[in-house]
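S.K.: Here are the chains, one letter per residue:
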Amino acid sequence: MGFFERLKEGLTKTRKGLIEKVESLFTGRKIDEKSLEELEEILISADVGMKAVEEIMGSLREKTKKGEVNDATSLKEVLKKEMVSILNHPHPLVPSENRPFVILAVGVNGVGKTTTIGKIASRFHSKGLTVLLAAGDTFRAAGIEQLEIWAKRANADFVKHQSGSDPAAVAFDAIAAAKHRGIDVVIIDTAGRLHTKTPLMEEIKKMKRVIEKAIPGAPHEILLVVDATTGQNALRQAEMFNNAIGVSGIALTKLDGTAKGGIVFAIKKELGIPVRLIGIGEGLEDLRDFNPEEFVEALFS
Amino acid sequence: MFETLTNKLESIFKRLKGKGLLKEEDVEIALKEIRLALLEADVNFKVVKDFIQRIKEKSVGKEVLESLTPGQQVIKIVNDELCELLGKTNSKIQLSPNPPTVIMMVGLHGSGKTTTAAKLARNFKKEGRRPMLVAADLQRPAAIDQLVTLGSQIDVPVFFSKDVKNPVVLCEESIRKSRVDARDIVILDTAGRLHIDDSLMNELKNIKEKVSPKEVILVADAMTGQDAVNIAKNFDERVGIDGIILTKMDGDARGGAALSIRAVTGKPIKFIGIGEKLNMLEPFYPERIASRILGMGDVLSFIEKAQRSFDEKEAEKLQKKIIDESFTFEDLKEQLKKLRNMGPLENILNMIPGFNKIKNIEVDEKELVKVEAIINSMTKKERKNHTIIDGSRRRRIAMGSGTTVADVNRVIKQYVDIKRMLKMFKGKKGIKLPKFFPF
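In the order they appear, the protein sequences are chains A and B. Counting from 1, one number per residue, gives the positions in the first sequence under this note's numbering. Counting from 1001, one number per residue, gives the positions in the second sequence under this note's numbering.
Hints listed in this document are in silico derivations from the structure and should not be mistaken for laboratory results. Honestly, I wouldn't trust all of these hints.
[Unchecked claim] No more than 16 Å apart at the CA atoms, straight line, and that leaves these computed lysine to aspartate or glutamate pairs for EDC-like: (1) B:Lys-1058 x B:Glu-1024; (2) B:Lys-1046 x A:Glu-38; (3) B:Lys-1049 x A:Glu-38; (4) A:Lys-51 x B:Glu-1033; (5) A:Lys-197 x B:Asp-1250; (6) B:Lys-1162 x A:Glu-145; (7) B:Lys-1046 x A:Glu-37; (8) B:Lys-1049 x A:Glu-37; (9) A:Lys-197 x B:Glu-1276; (10) A:Lys-197 x B:Glu-1028; (11) A:Lys-206 x A:Asp-166.
For reference, chain A alone in the conformation it holds in the complex:
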């Protein structure tokens, strides 16, 4: 099955409800206040967030008033265009020339960091890159073991310390090992942390500093893992992690459920952070590049 079908299939559950609603809205109806309101509700129910919804709807209303949009079909096109333009073009996760290319994965508890790392490792491995995973979640019970299993599945090297040890030291050793072994990509796992916990945010800042010391310019990618089920708080998470260590990309997980992950519009709008990857299942291969057009298309087609 081709990539596009897989994405669509993965998003089918996501979009099903939405499409039905949008379709019913667009077929054979003149645009009136009520249809605009219904449209607004569809966006709200996708967790797009009130601020972004109001901006998008404001622009739609204006266009309707000006007479630029007067039938349901063009309304749909205008809306799609608007949504895609927010997300801009695709920003896939591709290792640069730097070797080793260092990725630091961060996020709040239970969003799927470790699983996502396992999938990324597997993808890079299948592209012929050597990968090393660093067990930086030394806090959670069995956090290390969980990553170790993923490392085996993905044929990746693995560096760990004992449970409860300093995660920055794990990162440092992992990079040293990767340099020594000539590894292409290092992915560093971290413990889940709520963005409101100052000591834990200080810890992650320290990790970044230590990584920078090990390789100037690293980490080359700071990936924030966001659960698509999360509501408006995801924007706060992105804000706080971005303030602390600078986030370069988002991995949006759990899109195989009924949640739509619409908060990524607000994250892109407010902070300019692009979505790089989406997670659509628990399997090794359930990871896709995020493509704005396909994403929006999948939501509205």
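For this one, chain A is given, so just place chain B on it according to the hints.
M.R.: Below, chain B without anything else, positioned relative to chain A:
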């Protein structure tokens, strides 16, 4: 920061002079803001719609109470209604007349089932019961190890098997085992699953039929967005739930999911998880969540949090010091440390209602660190008697703490001010120093 709902409503009603009845057009404007606040708090939009309708019916024509402004009156109606919807405090887990009492934890991936299962086990153990945990998550890598580790931390046995591949069989076996070992509580930690995954939802149903749990608990993440209604509805309809535990309430999510889940299931929210440590499970208090959803600060939580950090005995000790006028830099250091233990200062201040009215208040955590460093750079003698700190000592302290003499001067002056303030407390008979106020 977002402008809080209270601020907005007060500005809406400002033009309304005096009291009188709440008029429809005014209520209408207020309801728009309330709708926005609820949606920003992640309450499901359908739930919001119904809720707003109810508030409208209750508000229009209502007389404004003598002691309240119209804005406060509307807030009061909204708050009362929210509390009503959120249900009563009900943190009891039903026990079976014939042990063991079986409790089944269900939920999505990453909602916090395993940690919450261990927290519940710890609670039961503290009550003198003999709980047993069952590692029924056979999906996630190392899930068994995680539960075994947590079990050993709280000294509760964990039933697991690395050979049994069917969670239904494993759960059945665990019940037999609990009888042999005379365990009176069995907590089943099931694998995380999507609410639309038919085969996995059927698996839960099978487990439920086979072991007839006394309670099925849905563990839900407090940060959940609009989808909370779908999740709760599916788990309730397909498996049947008896109660809800909301996790990760220690973050800054407004927790609108609580309202959504209550509205679609009608099942009680029993506990909230407020941290990763195993003692961090609290009963659910609807008033607190209501004011959090509305963004109105959380007085009760603040007071409790403060009390946890400043216990009675220490407060007395402090009181005595004030009376003796022997409050030294040493004591100030201690108090600062406690204040910092309560969490980020900004969070604490935000919990105080009215504090959010002071816009753009920047709490500089760094400033506190500075003060601590300065005190740490003093000798013991200096901390006990600040009057000996002369110019040369100030220079030394500044060097030692990496600050400037001006910083040191300021800290000493602040300390002297605090001492003077404390003297005033002492002078007034019967005034008890608030327990939670650090200096």
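S.K.: Now look at each hint and say whether the structure bears it out.
M.R.: Okay, the hints, checked on the actual structure:
1. B:Lys-1058 x B:Glu-1024: holds, 11 Å
2. B:Lys-1046 x A:Glu-38: Roughly 12 Å separates the two Cα atoms, so the pair holds.
3. B:Lys-1049 x A:Glu-38: holds, 13 Å
4. A:Lys-51 x B:Glu-1033: holds, 13 Å
5. A:Lys-197 x B:Asp-1250: The given pair, whose Cα atoms are some 9 Å apart, holds under the 16 Å limit.
6. B:Lys-1162 x A:Glu-145: The hint holds at about 15 Å.
7. B:Lys-1046 x A:Glu-37: holds, 13 Å
8. B:Lys-1049 x A:Glu-37: Satisfied, since the Cα-Cα distance of roughly 13 Å is no more than 16 Å.
9. A:Lys-197 x B:Glu-1276: holds, 11 Å
10. A:Lys-197 x B:Glu-1028: violated, 39 Å
11. A:Lys-206 x A:Asp-166: holds, 10 Å
Of the numbered hints stated above, the single one contradicted by the structure is hint 10.
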